[in-house]
Structures are given as structure tokens and as C-alpha cells.
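Below, each chain spelled out in residue letters.
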Amino acid sequence: MPAHHHGGVRPAAVTARGWGWRHAGRSKPAVNALDLDIHPGERVLLLGPSGAGKSTLLHALAGVLGDSTAGDGGPADSDDADESGSLLIDGEAPRDRRGRAGLMQQDPETQVVLSRLGDDVAFGAENLSVPRDEIWTRVHEALDDVGLAHLPLDHPTSALSGGQKQRLALAGILAMRPGLILLDEPTANLDPAGVLEVRDSVGRCLDKTGATLVVVEHRVSVWKDLVDRIIVLQPGSGTQPAVLIDGAPDQVLEQAREMLIAAGVWVPGYVPATRRRSLFGGPDIENLPVRQELAPGQLLLAAEGLAVSRERPRRRGFKSIPPLPIQPDITAQVRAGEALTITGPNGSGKSTFALTLAGLIPPVGGKVSATVELSRGAGIDPYKWKAEQLIARIGTVFQEPEHQFVTGRVLDELQFGPRHLGHGEERVDELLERLRLTGLVDANPYTLSGGEKRRLSVATVLAAHPQVLVLDEPTFGQDANTWAELASFLSELLDAGTAVVSVTHDQEFTHVLGGTELRLDAQGLSAPGVGPAGVGPSGVDAPEAATP
Amino acid sequence: MRAALTISGNHAVLTRANPLAKFGGVFLITLVLALSIDWMSASVALACELLLFPLAGLTFTLLWQRGWPLIIAAAVGGWSTSILAPDSGKILLDVGLWSMSEGSLELGLGFLLRGLAIALPAVLLMSCTDPTDLADALAQKARLPHRFVLGTLAAMRLVGLMAEEWQTIGMARRARGVGSRGTPWQRMRATLGQSFGLLVQAIRRATRLAVTMEARGFGGASRTWARESTYSRLDIWVLLGGAAIAAGAVIAAVWAGTWNMVWLERS
Amino acid sequence: MTTAAIKKTGYTWRVADIVVAALIAVAGGVIFWAWSQGANVISAPINAVYPPLTGLYAGGWMIPAVLGMLVIRKPGAALFCEAVAATGELIMGSQYGTTVLISGLLQGLGAELVFAAFMYKKFNLTASLLAGAGAGLFCGLNDSFAPWGWNIAYAAGDKMAYIIFTAISGAIIAGALSWIATRGLAKTGVLSSFASRKAATEPVFS
Numbered sequence: 008m009p010a011h012h013h014g015g016v017r018p019a020a021v022t023a024r025g026w027g028w029r030h031a032g033r034s035k036p037a038v039n040a041l042d043l044d045i046h047p048g049e050r051v052l053l054l055g056p057s058g059a060g061k062s063t064l065l066h067a068l069a070g071v072l073g074d075s076t077a078g079d080g081g082p083a084d085s086d087d088a089d090e091s092g093s094l095l096i097d098g099e100a101p102r103d104r105r106g107r108a109g110l111m112q113q114d115p116e117t118q119v120v121l122s123r124l125g126d127d128v129a130f131g132a133e134n135l136s137v138p139r140d141e142i143w144t145r146v147h148e149a150l151d152d153v154g155l156a157h158l159p160l161d162h163p164t165s166a167l168s169g170g171q172k173q174r175l176a177l178a179g180i181l182a183m184r185p186g187l188i189l190l191d192e193p194t195a196n197l198d199p200a201g202v203l204e205v206r207d208s209v210g211r212c213l214d215k216t217g218a219t220l221v222v223v224e225h226r227v228s229v230w231k232d233l234v235d236r237i238i239v240l241q242p243g244s245g246t247q248p249a250v251l252i253d254g255a256p257d258q259v260l261e262q263a264r265e266m267l268i269a270a271g272v273w274v275p276g277y278v279p280a281t282r283r284r285s286l287f288g289g290p291d292i293e294n295l296p297v298r299q300e301l302a303p304g305q306l307l308l309a310a311e312g313l314a315v316s317r318e319r320p321r322r323r324g325f326k327s328i329p330p331l332p333i334q335p336d337i338t339a340q341v342r343a344g345e346a347l348t349i350t351g352p353n354g355s356g357k358s359t360f361a362l363t364l365a366g367l368i369p370p371v372g373g374k375v376s377a378t379v380e381l382s383r384g385a386g387i388d389p390y391k392w393k394a395e396q397l398i399a400r401i402g403t404v405f406q407e408p409e410h411q412f413v414t415g416r417v418l419d420e421l422q423f424g425p426r427h428l429g430h431g432e433e434r435v436d437e438l439l440e441r442l443r444l445t446g447l448v449d450a451n452p453y454t455l456s457g458g459e460k461r462r463l464s465v466a467t468v469l470a471a472h473p474q475v476l477v478l479d480e481p482t483f484g485q486d487a488n489t490w491a492e493l494a495s496f497l498s499e500l501l502d503a504g505t506a507v508v509s510v511t512h513d514q515e516f517t518h519v520l521g522g523t524e525l526r527l528d529a530q531g532l533s534a535p536g537v538g539p540a541g542v543g544p545s546g547v548d549a550p551e552a553a554t555p
Numbered sequence: 030m031r032a033a034l035t036i037s038g039n040h041a042v043l044t045r046a047n048p049l050a051k052f053g054g055v056f057l058i059t060l061v062l063a064l065s066i067d068w069m070s071a072s073v074a075l076a077c078e079l080l081l082f083p084l085a086g087l088t089f090t091l092l093w094q095r096g097w098p099l100i101i102a103a104a105v106g107g108w109s110t111s112i113l114a115p116d117s118g119k120i121l122l123d124v125g126l127w128s129m130s131e132g133s134l135e136l137g138l139g140f141l142l143r144g145l146a147i148a149l150p151a152v153l154l155m156s157c158t159d160p161t162d163l164a165d166a167l168a169q170k171a172r173l174p175h176r177f178v179l180g181t182l183a184a185m186r187l188v189g190l191m192a193e194e195w196q197t198i199g200m201a202r203r204a205r206g207v208g209s210r211g212t213p214w215q216r217m218r219a220t221l222g223q224s225f226g227l228l229v230q231a232i233r234r235a236t237r238l239a240v241t242m243e244a245r246g247f248g249g250a251s252r253t254w255a256r257e258s259t260y261s262r263l264d265i266w267v268l269l270g271g272a273a274i275a276a277g278a279v280i281a282a283v284w285a286g287t288w289n290m291v292w293l294e295r296s
Numbered sequence: 056m057t058t059a060a061i062k063k064t065g066y067t068w069r070v071a072d073i074v075v076a077a078l079i080a081v082a083g084g085v086i087f088w089a090w091s092q093g094a095n096v097i098s099a100p101i102n103a104v105y106p107p108l109t110g111l112y113a114g115g116w117m118i119p120a121v122l123g124m125l126v127i128r129k130p131g132a133a134l135f136c137e138a139v140a141a142t143g144e145l146i147m148g149s150q151y152g153t154t155v156l157i158s159g160l161l162q163g164l165g166a167e168l169v170f171a172a173f174m175y176k177k178f179n180l181t182a183s184l185l186a187g188a189g190a191g192l193f194c195g196l197n198d199s200f201a202p203w204g205w206n207i208a209y210a211a212g213d214k215m216a217y218i219i220f221t222a223i224s225g226a227i228i229a230g231a232l233s234w235i236a237t238r239g240l241a242k243t244g245v246l247s248s249f250a251s252r253k254a255a256t257e258p259v260f261s
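Protein sequences, first through last, are from chains A, B and C. Take the position in the first sequence, starting the count at 1, then add 7; the result is the number in this note's numbering. Take the position in the second sequence, starting the count at 1, then add 29; the result is the number in this note's numbering. Take the position in the third sequence, starting the count at 1, then add 55; the result is the number in this note's numbering.
Hints listed in this document are in silico derivations from the structure and should not be mistaken for laboratory results. As the structure is a prediction and not an experimental result, all values here were calculated from the model. Just so you know, even glycine gets a beta-carbon here, dropped at the ideal spot from N, CA and C. Not one of these hints is a red herring.
Here are some chain B residues pointing at chain C (derived, C-beta under 8 Å):
hint	residue
1	V55
2	A114
3	T181
4	L227
5	A231
6	R233
7	R234
8	T236
Hey, can you work out the whole structure from these sequences and the hints?
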């Protein structure tokens with residue numbers, strides 16, 4: 008009889024012997040020759056470069072890797088997924104042990120299944136055919152464990168924040184009473200407060216249940232103190248084992264520090280080196296032509312008493328009711344060669360403000376006005392500009408690069424803007440080179456890696472040569488290498504005279520760019536118009552302890 | 030659109046009825062109305078439906094906000110029927126393709142009322158039925174395969190997200206120089222591009238959601254239900270109510286001599 | 056019996072198939088909702104001139120049926136997607152009331168029958184056009200002859216015109232567009248875990 012002393016949870020053991028997996032339609036295996044033993048109750052952080060198969064391993068342990076019989080309906084295909092060796096949980100195939108492992112992925116929206124809080128927690132237990140009364144006992148207990156017990160069971164899950172959604176997902180996993188908890192970059196999409204919220208919940212639940220943990224995460228500092236073992240994977244091959252280094256956290260971080268830094272892992276205490284900002288038009292600008300037409304500090308764009316909201320006016324019968332603004336009164340200025348960084352908690356309307364400033368959302372109140380130097384005859388209100396007028400003046404890089412792809416090929420993607428404008432195609436090669444995209448010109452943009460997509464989306468917007476660049480969370484979820492590259496590139500752009508407006512949670516990034524910080528505070532929707540947001544240039548020379 | 034999917038805050042009596050019973054009641058009314066195009070049966074049903082509004086927690090303001098496209102659609106349906114139905118009686122209008130006679134006008138008017146009387150109960154039904162309860166009833170009572178019912182329910186939850194994403198993609202594409210303003214042709218091309226962008230995100234999201242569901246043990250042959258879908262005495266009243274409205278409409282129309290079976294064409 | 060065994064596994068719906076099919080239908084609803092906002096400007100005058108011409112616009116409703124099948128490639132996909140799309144429409148508020156479910160099922164069936172006739176082995180342009188036309192045909196028949204059809208009272212000639220228009224619209228909007236979209240989707244890599252992952256490199260006609 009299994010020991011039930013930890014709330015009915017028996018920690019699971021993982022064994023891999025020469026295990027490998029090739030995804031359908033791929034020529035190379037995602038994981039090859041993996042040998043691994045994880046003992047019951049161990050807490051493991053999995054690290055490694057992208058392409059080392061970390062997610063594949065987690066999916067396999069969760070029993071959700073597409074089975075190789077899922078094919079076309081025709082005869083078995085050489086192109087189908089392929090498994091080799093063995094990967095076992097407690098000596099059995101994960102697929103046969105549904106519910107023994109629980110998996111949390113990165114995107115909070117897809118970690119919620121149902122629209123009522125209680126139902127969502129119950130979902131896993133229902134699927135495991137747990138009796139009804141027992142399900143509700145587990146639901147209450149799990150919600151309590153993740154600190155969501157204060158919400159009613161029919162609370163709409165769509166009203167939760169990102170961090171709360173991930174904690175809800177954890178509750179749903181706990182209600183299955185799994186012996187193995189698998190976390191696949193669980194905090195990559197969260198703001199700093201959400202990251203800690205989720206990390207602490209996981210820690211408390213592990214202390215209570217004693218379950219085994221395997222977590223994949225680039226930001227080592229978040230998990231370092233919670234795990235007792237770090238395993239570094241590498242893309243395995245016939246000659247090299249999949250496990251590169253394996254041991255206690257401090258020991259691994261010391262031994263493999265250089266290698267991890269090279270792989271873009273955020274190693275604690277290491278801030279990637281970035282280019283320093285120099286004076287306007289400084290001597291060390293590579294490749295970028297200095298904007299001769301603009302004087303440094305020239306005012307380009309101003310927001311006065313701006314009220315913003317993403318919602319459109321509602322139509323009640325024939326009347327049109329303006330939406331309630333998230334921010335009622337913002338004043339800000341954008342100047343050539345200067346950075347404006349917009350910070351503040353989630354839900355404070357940072358992105359909405361930036362997109363309003365960028366001429367993509369109409370203001371609810373107040374106004375955005377472009378100076379003559381920026382508008383060059385297009386009119387004062389950026390929202391009224393035609394799309395091709397807009398891109399040559401204000402470029403906006405969205406948080407999700409895929410939202411901005413408009414063609415099926417990297418090169419077309421870069422040439423799209425210049426072609427529409429009828430000039431500037433000569434800049435394309437330069438951008439390809441500068442953002443290391445030259446080898447990818449024929450690829451489909453959607454098939455690129457996360458860092459490549461981010462670089463491409465910046466390059467495509469810059470190809471139209473805008474004087475103002477607006478970026479929404481440009482460093483979100485990026486590895487340390489892409490981060491450093493991006494920060495350096497933007498500081499160079501600033502020195503060359505472009506104005507850079509960025510929305511970010513990232514203090515280190517804010518520090519590298521310098522300039523003005525505009526902090527927006529959360530406005531209670533119940534108390535609209537409580538006065539101007541916490542505005543005012545505050546030097547960012549002394550940032551708070553930066554912990555990327 | 031996100032708000033369209035939730036009935037939270039609605040505590041009207043019909044929210045407590047089993048969705049299948051409500052559906053049955055609505056189906057009876059719809060069936061009877063479908064059999065005849067006449068103003069009498071349609072008006073009687075329409076009047077009864079309007080009386081039921083408070084029971085479903087609907088107000089006329091809410092109806093106008095959510096239902097005005099239906100009213101316009103019904104009007105358009107009435108118009109097209111009155112100009113295209115075979116003519117009978119005095120010709121009122123005859124311009125090229127268009128011709129309207131007393132007979133076709135009466136038919137068109139009946140059609141307009143019937144359109145409303147068919148559309149309204151569905152609005153009524155959905156305004157007091159939570160999709161989660163509907164799914165529970167479909168899987169537990171109607172015995173539809175639970176994998177399909179719950180898979181669909183989980184996907185439906187993302188509709189609000191998809192609508193938001195649609196807007197974001199529109200803005201993101203404008204920031205690339207793709208205008209959603211311009212000639213109809215340009216706008217159509219822009220819409221197609223935006224649709225493709227949304228489809229990619231929809232499939233990515235769905236694939237991840239499916240992994241989440243499978244990792245929570247979903248997909249097996251059997252499962253238990255945390256909440257039982259039940260029938261109550263209220264459901265009998267709902268069905269009886271539906272049947273009464275249906276019968277009332279038929280009796281009134283037969284009594285008034287306007288009952289007009291759709292397949293018995295008038296020449 | 057080996058072929059039967061292979062077919063059995065290949066034709067079984069996985070969870071991913073169900074959720075993706077449903078979300079395609081849901082996203083289709085969002086797209087069509089946005090589309091009809093803009094298209095009202097065009098469709099209203101057409102309707103005022105010669106109502107059967109609105110049949111040319113009907114293909115948009117049938118995209119989920121053809122697109123769902125082209126992506127999922129499992130029996131029942133067209134029927135399932137169109138039924139889900141109709142349910143979504145019902146929830147949002149439909150001018151057709153609950154009869155929208157019947158329309159949805161019939162349109163899905165029209166497309167499903169064509170794919171079934173190809174033994175669920177052909178998903179090329181020909182099959183897509185025919186499936187779209189099949190869905191359009193069933194849509195036209197339902198609207199013109201079913202008691203709840205909106206065009207039930209039209210004269211016979213107008214009904215015929217309407218049915219021809221819906222079939223053409225189904226073939227072009229639902230058939231051709233879905234086929235093009237599937238190839239585009241396959242190129243982006245999002246279909247990598249589905250039977251249609253190689254759609255972009257398959258021959259157009261054979």
C-alpha cells in the first residue's frame with residue numbers, strides 16, 4: 008500500500024534509458040540518447056540552449072506527445088513521429104499513467120480550460136473519474152493551497168490576472184494529486200509580481216505534498232533556491248549524451264557558467280554587456296546614418312491630458328457612449344534621440360497609452376499631436392494618418408511579433424514597407440546584416456525561433472525609417488543574448504537620432520536606454536478620474552536592484 | 030463579444046431550468062411558426078415571447094442592444110419576400126424585377142413577423158443559458174460524446190480572446206502599413222490577411238489548450254462530473270409553456286382563417 | 056484486415072483534433088462577424104435590388120466546414136465544424152433563431168458528403184471546390200425549400216437563381232479560400248502535428 012502521508016500524494020520517479028524522440032515531419036530528433044534518473048521528491052531545474060529538447064521531454068513526461076499512430080489515415084508514414092529507448096514514470100509509460108504527472112505551460116490563457124474557477128480546478132479530477140464529493144474536497148483544498156480560496160467558485164476565469172491564471176492552473180494540477188509536477192517556462196509571460204506569486208505558490212505546494220518537480224526556465228535566479236538539482240541538456244547526437252552537466256545548483260552554475268551564458272541563459276548575478284549610450288551622433292555608431300535633419304532633443308510628438316482605452320465607444324440604440332478610460336490624464340513628450348520608458352503594474356494601461364501615442368488607437372480624451380518636424384505635412388493627429396504615412400513617421404513593434412507578419416517570406420517581410428513607400432529598399436540589406444537575419448531570407452517568418460522573430464519584427468518596422476520607434480514589451484520572454492543585442496541596437500538608434508518609446512517591466516533595459524521614465528499607476532475602474540498619473544521625469548540613473 | 034457569452038448577474042427564474050428543456054420549448058415554438066407564413070400565428074407567438082422577457086431576465090434595452098441586427102434582418106427578409114413572392118390580388122408596385130401585390134405584401138408582412146418570432150426565442154434562450162450548463166446537459170443528459178462537447182466548450186471560452194486578438198492584429202498590421210481603410214477591394218484584401226493572422230494564432234492556441242486538457246487526463250472513455258445536470262419541476266413548466274405558445278399560435282391562426290401552410294403554394 | 060486497423064487509428068479524433076476544429080469554427084465566426092460589419096454596406100443595396108444575389112455572399116458561412124476538414128482530415132470534420140460554428144452563431148444571437156443549427160448541420164453535410172465521396176483521401180483544390188459547392192447547394196436548398204427557409208415564398212425561378220448563387224459562392228469563398236488558407240497555414244508550421252502538415256507541398260489537382 009502506497010504511503011499517503013502527504014495529502015494522498017506519492018512522489019514519482021523518472022527513468023530515461025537511451026530515450027529519443029523525433030517529431031513528425033522533422034529530420035532530426037528533438038531529444039536523442041537521454042539517460043536520466045530523477046528520484047521521488049527531487050526538485051530539478053532543466054537548462055540548456057533552445058533546441059535541446061527541454062519542452063519535448065516535459066511533454067513526454069506529461070504523456071501528451073502525439074502518438075505515432077495519429078497519422079494520415081493512409082499507410083504508416085516514414086514521416087511520422089518516432090520514439091526510441093524508454094522513458095518511464097514509476098516504471099511505466101507516461102501515457103498509461105495519466106494524472107500521475109501534471110503540466111503547466113507558458114501561455115496563461117491556454118492553461119485555463121473552463122470559464123468558472125471551480126469547474127476549472129475540478130476538470131482534471133473529473134477526467135480521472137474521481138467521485139463527486141471527493142472532487143469538491145480536492146477543489147477547495149487546491150484553491151486554498153494556491154491562495155485563490157477567497158474567490159467564489161463561479162468566479163469567471165477570464166477576469167483573472169496572468170499570475171492568478173497560472174496559480175489556478177497549479178490548483179487544477181494539484182486536484183489530480185500528481186506525484187510529478189512539470190513546469191514549462193511557467194512565468195515567462197508574467198510581470199515581475201506575477202513571477203514571484205507563481206514561484207512562491209509552487210514552493211508552498213511542493214513543501215506540502217513532497218511531489219517531484221521538473222521545471223524548465225531561462226531565468227535561473229527565480230528557481231535557484233527552490234530546486235536541489237540542475238540538469239543542463241544539449242542537443243544529443245550519436246556520439247554525445249543528451250545530459251551535459253548534472254548536479255547541485257551552485258556547483259553546476261559554477262562549472263557551466265560560461266557555457267550557460269553563451270546559450271543565452273539568465274545566470275544569476277550576470278548582466279549581459281551592452282553598448283553604452285554616447286552623445287547624440289557619437290562616433291561609434293556602426294552602419295547607421297545619423298539623422299541630419301533633426302536637432303538633438305527636437306520635440307516630435309506630445310500627449311496632452313490624454314485619456315486612453317482600448318474599448319470603442321458603445322452604441323446604445325442611437326447614442327454613442329465613450330468608454331471609461333484606464334488612464335484619464337497623461338502628459339508626455341517624445342524627443343529626437345531620447346528614450347521614453349513607460350512602466351507600471353499590469354492593467355495600468357501602459358500598452359494602451361503607447362499604442363494611442365503611436366496613432367493606432369483613437370484617444371478617448373485629450374490629444375496626441377505631432378510637431379511639424381514629424382508630421383511633414385501629414386496633419387497633426389497621427390491616428391488620422393494613412394497607414395503608409397504612419398509607418399514612415401512612427402514605427403510600432405508589437406509584443407507578439409507574429410501579429411505583424413504580413414507575408415510568407417523573411418525578405419518580402421522586410422521589403423514590404425519600403426515597397427509601399429516607394430523608397431528605402433537599400434536599407435533592407437543593411438538591416439538584415441545588422442540584425443543577423445541574412446541566412447534566413449527565404450524562411451517563412453512564422454517558422455523562426457522566438458529571438459529571430461523578435462529581431463525580424465524590429466527590422467521590418469525600421470525598414471520604413473520612422474523617426475519615432477514605439478516598442479511594446481520588447482524584451483519579454485527573450486533570452487539573454489537577444490536581450491543584449493536588442494538593447495545595444497536600440498541605444499545605437501537613439502544615438503543616431505531616433506526617438507525610442509518603450510513599454511517595459513524590465514528595469515535593466517530601462518537603465519541601458521536612459522532617458523525619461525513615465526510611471527503609470529493602476530487606476531481603480533471604480534474611481535475614474537482620480538487625477539493625473541504619476542508622471543514626471545525621474546532619473547533612471549539609479550535603478551532599483553536589477554534582477555533580470 | 031466577451032460579454033455576449035456570459036450570463037453572470039442574471040438570476041431570473043429561467044436561468045435555473047435545464048438547458049435541454051428550454052431548448053425543447055423553443056424548438057416547439059419554432060417548428061409551429063415554420064409551418065405557416067401568416068401574420069396571426071407570428072403575432073401571437075411574438076406577443077407571448079415578449080411577455081416571457083422578465084422570466085429570462087431580459088429587458089427591452091438589452092434586447093435593443095443585442096438584437097437590433099435581427100430586427101433589421103427580419104425587415105429585409107420581409108421586403109425581399111414581398112417583391113419576389115408570386116403575385117396575387119391587386120398589383121401595388123411594378124418596376125422591372127420588382128413587383129409587389131396585395132398578396133405578396135401580406136406574405137412579406139407575415140414573413141417579417143415570423144422572422145422575429147423565430148429569432149426572439151433563441152435570444153431569450155441564450156440570454157438565460159450559460160454555455161457551461163448547456164454543455165453539461167448535452168454531455169450528461171443528451172449523451173453526446175463528452176470529448177467533443179467539452180473540447181468545444183473549452184474552445185468557445187477563447188472567443189472573447191479571439192475577438193480581442195482580431196483588433197490587435199488589425200492595429201499591428203496598420204503599423205506595418207496595411208490599411209484597413211480604402212477601396213472595398215483593399216479592405217477585403219486587408220480583411221483576408223488579418224483573418225489569416227487570426228487563424229494562425231487560433232491554431233497555435235488550440236494546440237496548446239489541447240495539450241493542457243490532455244495533461245489533465247482529458248480524452249479517456251469515461252469521466253465523472255463534478256456537477257450533475259438535473260431536471261426539475263420547473264422544466265415541466267418550461268416545456269408546457271412552449272407547447273402552450275405553439276398551440277395558441279396555431280389555434281389563433283386557424284380561427285382567424287390566416288393559417289397558411291408553407292408547402293401548399295398559393296397560385 | 057490490416058488496412059482497416061490502420062484506418063481505425065488514422066480516423067480516430069485526438070483531443071488536439073477536436074479542440075483545433077472547434078477553435079477554427081469559433082475563429083471563423085469571429086472573422087465572419089467582422090467581415091459582415093464591413094460588408095453590410097455592400098450587401099444591403101444588393102438585397103434591395105435583387106435579393107437572390109445575396110446568395111453570392113453565403114459562402115462565408117461555410118468556410119469552417121471546408122477549412123476544418125482540410126486541416127483535420129478526419130471523417131465528420133466538416134459536419135462538426137459547421138455545427139460548432141452554427142452553435143456559436145446561436146449564442147451570439149442569430150436572425151435565424153434555432154433553425155441556424157439545422158442550416159449548419161445541412162451545410163456541413165453538403166461538404167462532408169463530397170469528402171466522403173473521395174473516401175477522405177483527396178484534399179486537393181478539386182475536392183475543396185466541390186465540397187464548397189456541396190455546402191452551398193445544401194444551403195441554397197435549405198433556404199429555399201425547408202419550411203423555416205428564408206426564401207420559401209420566392210417564385211420558383213428566383214429560388215433556382217438563389218441556389219446557383221449559393222453553390223458558386225460556396226465553391227469560391229468556402230472552397231478556394233479554405234484551400235489557399237490551408238496551404239498558407241501548413242507553411243507557417245502550425246499544422247505540424249496534424250494530418251495536413253504537408254498540405255503546402257501536395258499537388259494541386261491529383
